[in-house]
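Student: The residues making up each chain are set out below.
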Amino acid sequence: MSKDIAIKVEGLFKQYRLGTIGAGTIKDDIKLWFAKLRGKSLSDIYDIDGNDRMVGDSEYVWALQNIDFEVKKGEILGIIGKNGAGKSTLLKVLSKVTGPTKGQIKVNGRIASLLEVGTGFHPELTGRENVFLNGAILGMTKVEIKAKLDEIVDFSGIGKYLDTPVKRYSSGMKVRLGFAVAAHLEPEILIVDEVLAVGDAEFQKRCIGKMNDVSKNQGRTVLFVSHNMASVMELCDRALLMQNGTVHSTGKVTDIIPLYLNAFKAEEISSDLTKIKTRAGNGKVKFSRVELLDGLDNEIDFALSGQTIKMRLACDIIDPTFFGKLHVSIKFVDENDVTLFHLSNSVSNGNEFEVNRDQSTLNIDCEIEKLPLNSGVYKFHLFVSNLQEVFDEINFAGELKVEGGNFFPTGKLPSPQVSKFLVDNTWKLR
Amino acid sequence: MSEENWTEVIKPQRKVFGLGFKELIKYKDLIFLFVRRDFVAFYKQTVLGPFWYVLQPLMQTAVYSIMFGSIFDISKETGVPSILFYLIGTVSWWYFSQSLIKTANTFTANAHIFGKVYFPRLTVPVSVLLSNLIGFGIQFMLFVCFFAYFAFTGETSFSHALPNLWKIPLLVIIMAVLGLGMGLIISSLTTKYKDFKQFIGFGVQLLMFASPVIIPLSIVYKRFPPWTHFILEYNPMTGVIEGFRSIFFAEYDFDWGGIGYTASFALVMFVLGILLFNKTEQNFVDTV
Numbered sequence: 198m199s200k201d202i203a204i205k206v207e208g209l210f211k212q213y214r215l216g217t218i219g220a221g222t223i224k225d226d227i228k229l230w231f232a233k234l235r236g237k238s239l240s241d242i243y244d245i246d247g248n249d250r251m252v253g254d255s256e257y258v259w260a261l262q263n264i265d266f267e268v269k270k271g272e273i274l275g276i277i278g279k280n281g282a283g284k285s286t287l288l289k290v291l292s293k294v295t296g297p298t299k300g301q302i303k304v305n306g307r308i309a310s311l312l313e314v315g316t317g318f319h320p321e322l323t324g325r326e327n328v329f330l331n332g333a334i335l336g337m338t339k340v341e342i343k344a345k346l347d348e349i350v351d352f353s354g355i356g357k358y359l360d361t362p363v364k365r366y367s368s369g370m371k372v373r374l375g376f377a378v379a380a381h382l383e384p385e386i387l388i389v390d391e392v393l394a395v396g397d398a399e400f401q402k403r404c405i406g407k408m409n410d411v412s413k414n415q416g417r418t419v420l421f422v423s424h425n426m427a428s429v430m431e432l433c434d435r436a437l438l439m440q441n442g443t444v445h446s447t448g449k450v451t452d453i454i455p456l457y458l459n460a461f462k463a464e465e466i467s468s469d470l471t472k473i474k475t476r477a478g479n480g481k482v483k484f485s486r487v488e489l490l491d492g493l494d495n496e497i498d499f500a501l502s503g504q505t506i507k508m509r510l511a512c513d514i515i516d517p518t519f520f521g522k523l524h525v526s527i528k529f530v531d532e533n534d535v536t537l538f539h540l541s542n543s544v545s546n547g548n549e550f551e552v553n554r555d556q557s558t559l560n561i562d563c564e565i566e567k568l569p570l571n572s573g574v575y576k577f578h579l580f581v582s583n584l585q586e587v588f589d590e591i592n593f594a595g596e597l598k599v600e601g602g603n604f605f606p607t608g609k610l611p612s613p614q615v616s617k618f619l620v621d622n623t624w625k626l627r
Numbered sequence: 074m075s076e077e078n079w080t081e082v083i084k085p086q087r088k089v090f091g092l093g094f095k096e097l098i099k100y101k102d103l104i105f106l107f108v109r110r111d112f113v114a115f116y117k118q119t120v121l122g123p124f125w126y127v128l129q130p131l132m133q134t135a136v137y138s139i140m141f142g143s144i145f146d147i148s149k150e151t152g153v154p155s156i157l158f159y160l161i162g163t164v165s166w167w168y169f170s171q172s173l174i175k176t177a178n179t180f181t182a183n184a185h186i187f188g189k190v191y192f193p194r195l196t197v198p199v200s201v202l203l204s205n206l207i208g209f210g211i212q213f214m215l216f217v218c219f220f221a222y223f224a225f226t227g228e229t230s231f232s233h234a235l236p237n238l239w240k241i242p243l244l245v246i247i248m249a250v251l252g253l254g255m256g257l258i259i260s261s262l263t264t265k266y267k268d269f270k271q272f273i274g275f276g277v278q279l280l281m282f283a284s285p286v287i288i289p290l291s292i293v294y295k296r297f298p299p300w301t302h303f304i305l306e307y308n309p310m311t312g313v314i315e316g317f318r319s320i321f322f323a324e325y326d327f328d329w330g331g332i333g334y335t336a337s338f339a340l341v342m343f344v345l346g347i348l349l350f351n352k353t354e355q356n357f358v359d360t361v
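Protein sequences, first through last, are from chains A and B. Sequential numbering from 198 applies to the first sequence in the numbering used here. Sequential numbering from 74 applies to the second sequence in the numbering used here.
FYI, nobody ran anything at the bench for these hints, they're computed from the structure. Be a bit skeptical, because a hint or two may be false.
[What the hints assert, rightly or not] Straight-line distance between alpha carbons at most 20 angstroms, and here's what the computed PhoX-like set of lysine-lysine pairs gives: (1) B/K149 x A/K303; (2) A/K449 x A/K413; (3) A/K299 x A/K205; (4) A/K303 x A/K205; (5) B/K295 x A/K299; (6) A/K609 x A/K567; (7) A/K617 x A/K528; (8) B/K101 x A/K343; (9) A/K269 x A/K303; (10) B/K149 x B/K265; (11) A/K228 x B/K265; (12) B/K84 x A/K205; (13) A/K339 x B/K101; (14) B/K352 x A/K228; (15) B/K267 x B/K149; (16) A/K270 x A/K407; (17) A/K293 x B/K267; (18) A/K269 x A/K205; (19) A/K402 x A/K339; (20) A/K299 x B/K84; (21) A/K293 x B/K84; (22) A/K364 x B/K265; (23) B/K117 x A/K293; (24) B/K95 x A/K293; (25) A/K293 x A/K303; (26) B/K240 x B/K149; (27) B/K99 x A/K339; (28) A/K609 x A/K625; (29) A/K343 x B/K99; (30) B/K95 x A/K339.
Here chain A stands alone, though its shape is the one from the complex (with noise of 0.2 angstroms):
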């Protein structure tokens, strides 16, 4: 019974520590320190909800809670949930790069971890040696990586630069060179946390494509961390659905990705942004609100297929410093995150919003002339950057309903089912 399972999660547990550290850590080391000295249990130390009882503000977060669950050999299990929820901690405790506080995890098998592609890449080595380097620090022998070298080399597709320094490599091809080396490992147990995310379409695919074959034909064990449902629904059978570090639910696949979507849902939509507190990027600059409006600037509650519509945006600059290019986009998602369109201001007008010196908000109409969207309810994402530095990243910011409108001259709307764009045509005989 034992022998089919890769990984056993018992009782885990992971506590950080908030706020900074610095002279204040010296004094809670030595109480802590003098706490285990007499003898005292973990328990005395921290009372159940994990606050410290030793320090006298609860400086300290449990980031996994009781963390339980089991992996088969063979299988693929996608990590979901939403930002902040544990899943890249729970990564990391697997992959031995930091300790559990409590609890245990039995491995059966080797594993070897890929939370970033390319790691330990050394800019004045070239490609060559940095492939031998990365393979021996992802835990291959010399030997191992010796007699690959030949397909990984074709994998990663850089061929002729393999002798150049890596420093001279585009960002695109080290991606490529560091998947290529990852990709050929050969662990019992593979855990890779939004790789994927990284290079273009065809390499991504290609991702997908190995990491299937991986398990499916050579009978390895995958963890996939994503937040992108449609490749995890592609990939694997089995999904965890983590909540504020805590196991929501494990189960098939198409059972837990809508639970993860509905859990978005539950979180009230409106229109004011600044609840929102699972958002991603550095904060300078923070959306506060979002409406829907249609051309004549009325507020509404629902768009028409067809219909003009704005998204009314405000931003706050929240770093009174800052100051320059604003990058903002919209992306619209259907019920199963796919991403179906993408709105920019850099790729609609070709430039980006000037924010003055002393500016502290900022008020957007992104205008959608003629909506191509069949009926049906579709969330959307936001995104303020300055392309350098991620500002703000709203995920399921908020809903765009969407009824059957005046799309076509004839009024008539193809079934949702079949048809989720709607796209101008013309027929004719000839």
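Take the given structure of chain A and dock chain B to it, following the hints.
Tutor: Showing chain B alone in chain A's frame:
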């Protein structure tokens, strides 16, 4: 509980003492690749290449010989040509200080890699010791060349040095263990308290002035106040440097007591270092 054969069990505290020697052996290829990386990256895109290893002690020796050699009249005082006196001092100090400084950087300099992949963390300091050994070897050859020249002119002689050569590996091992131990302690503390990073740079330099690299012991005893003798005698590197000199120069005696002190000091540092390192290793990613 059932008797299951797990390859590995990940627990809150992995090990307190122990080097994880088996794991290190498993990752020996990685160690050698790290050594290669450090060595190759050191002279990539330089004209002089590995010659830089030689140039540094050479310049340092020249400066010391010109300045301190005449101030303290080294040749007369010790009976050893001042170039040889300073060269052996700087070369052995180089190995110790480089090993210490680079080992002390283990966690902070590799935080990025350590935060993404697990491999035995001790591979990094071990590879530092080995790659420094290459540099030390090159520099030592330089010393041997100079020594041969002075033997040719009759100021030194091989007949004293040859029967003592076996002590060289002993001294190198003591230096390596000492540098590793102290480096591990500092690197472990640096993960939480960055103060040590500021300290290590000039701390090593201060330690050099408190060793007989520049000023011969005999002069210290003659001209410096008694409290400085105390510092010099308890500096663990004093024994090693004097030891190297005694191997090559008949004027020096090999002080087994001093070496014994240094060796036991190194061992204590090493044990302490490993303890701290093991304690830090598992969770340092959270605090660094």
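Student: All hints are to be evaluated individually against the structure, with a verdict given for each.
Tutor: Consistency of the hints with the structure:
1. For the given pair, B/K149 sits about 69 angstroms from A/K303 by alpha-carbon distance, which is inconsistent with the 20 angstroms threshold.
2. A distance of roughly 17 angstroms separates the Cα atoms of A/K449 and A/K413; the hinted pair therefore holds under the 20 angstroms criterion.
3. Among the hinted pairs, A/K299 with A/K205 is consistent with the structure: their alpha-carbon atoms are about 14 angstroms apart, no more than 20 angstroms.
4. The hinted pair formed by A/K303 and A/K205 meets the criterion: a straight-line CA distance of about 5 angstroms does not exceed 20 angstroms.
5. With a CA separation close to 61 angstroms, the supplied pair B/K295 and A/K299 exceeds the 20 angstroms bound.
6. A distance of roughly 15 angstroms separates the Cα atoms of A/K609 and A/K567; the hinted pair therefore holds under the 20 angstroms criterion.
7. Distance hint between A/K617 and A/K528 is fulfilled; the C-alpha atoms sit about 15 angstroms from each other, no more than 20 angstroms.
8. Only pairs whose Cα atoms come within 20 angstroms are accepted, and B/K101 paired with A/K343 is accepted, the gap being roughly 16 angstroms.
9. Restraint check for A/K269 and A/K303: satisfied, since their Cα atoms lie roughly 12 angstroms apart, inside the 20 angstroms limit.
10. Between the alpha carbons of B/K149 and B/K265 the distance comes to roughly 50 angstroms, so the proposed pair goes past 20 angstroms and is violated.
11. A distance of roughly 16 angstroms separates the Cα atoms of A/K228 and B/K265; the hinted pair therefore holds under the 20 angstroms criterion.
12. Between the alpha carbons of B/K84 and A/K205 the distance comes to roughly 12 angstroms, so the proposed pair stays at or under 20 angstroms and holds.
13. As the CA atoms of A/K339 and B/K101 are separated by approximately 9 angstroms, the hinted pair is consistent with the 20 angstroms bound.
14. Taking the CA atoms of B/K352 and A/K228, the gap is about 17 angstroms. The hint holds against a cut of 20 angstroms.
15. Pair hint B/K267 plus B/K149 does not hold up; C-alpha atoms about 45 angstroms apart against a cutoff of 20 angstroms.
16. Of the supplied pair hints, the one linking A/K270 and A/K407 holds, its CA atoms being roughly 18 angstroms apart against a limit of 20 angstroms.
17. With a C-alpha separation of about 24 angstroms, the suggested pairing of A/K293 with B/K267 is violated against the 20 angstroms cut-off.
18. Taken as a hint, the A/K269 and A/K205 pair is honoured in the structure, with Cα atoms around 9 angstroms apart against an allowance of 20 angstroms.
19. Taking the CA atoms of A/K402 and A/K339, the gap is about 29 angstroms. The hint is violated against a cut of 20 angstroms.
20. A hinted pair counts as satisfied when its Cα atoms are at most 20 angstroms apart, and A/K299 with B/K84 qualifies at roughly 8 angstroms.
21. The hinted pair formed by A/K293 and B/K84 meets the criterion: a straight-line CA distance of about 10 angstroms does not exceed 20 angstroms.
22. Among the hinted pairs, A/K364 with B/K265 is inconsistent with the structure: their alpha-carbon atoms are about 32 angstroms apart, more than 20 angstroms.
23. Annotation: proposed proximity of B/K117 to A/K293 is violated, straight-line Cα distance about 34 angstroms (limit 20 angstroms).
24. With a C-alpha separation of about 17 angstroms, the suggested pair B/K95 and A/K293 falls inside the 20 angstroms cut-off, and the hint holds.
25. Between A/K293 and A/K303 the CA atoms are separated by roughly 12 angstroms; this keeps the pair inside 20 angstroms, and the hint holds.
26. Straight-line distance between C-alpha atoms of B/K240 and B/K149 comes to about 26 angstroms, which puts the hinted pair past the 20 angstroms bound.
27. For the given pair, B/K99 sits about 11 angstroms from A/K339 by alpha-carbon distance, which is consistent with the 20 angstroms threshold.
28. Proposed proximity of A/K609 and A/K625 is supported: the alpha carbons are some 18 angstroms apart, at most 20 angstroms.
29. Distance check on the hinted pair: A/K343 and B/K99 sit about 17 angstroms apart at the alpha-carbon level, within 20 angstroms; holds.
30. Restraint check for B/K95 and A/K339: satisfied, since their Cα atoms lie roughly 17 angstroms apart, inside the 20 angstroms limit.
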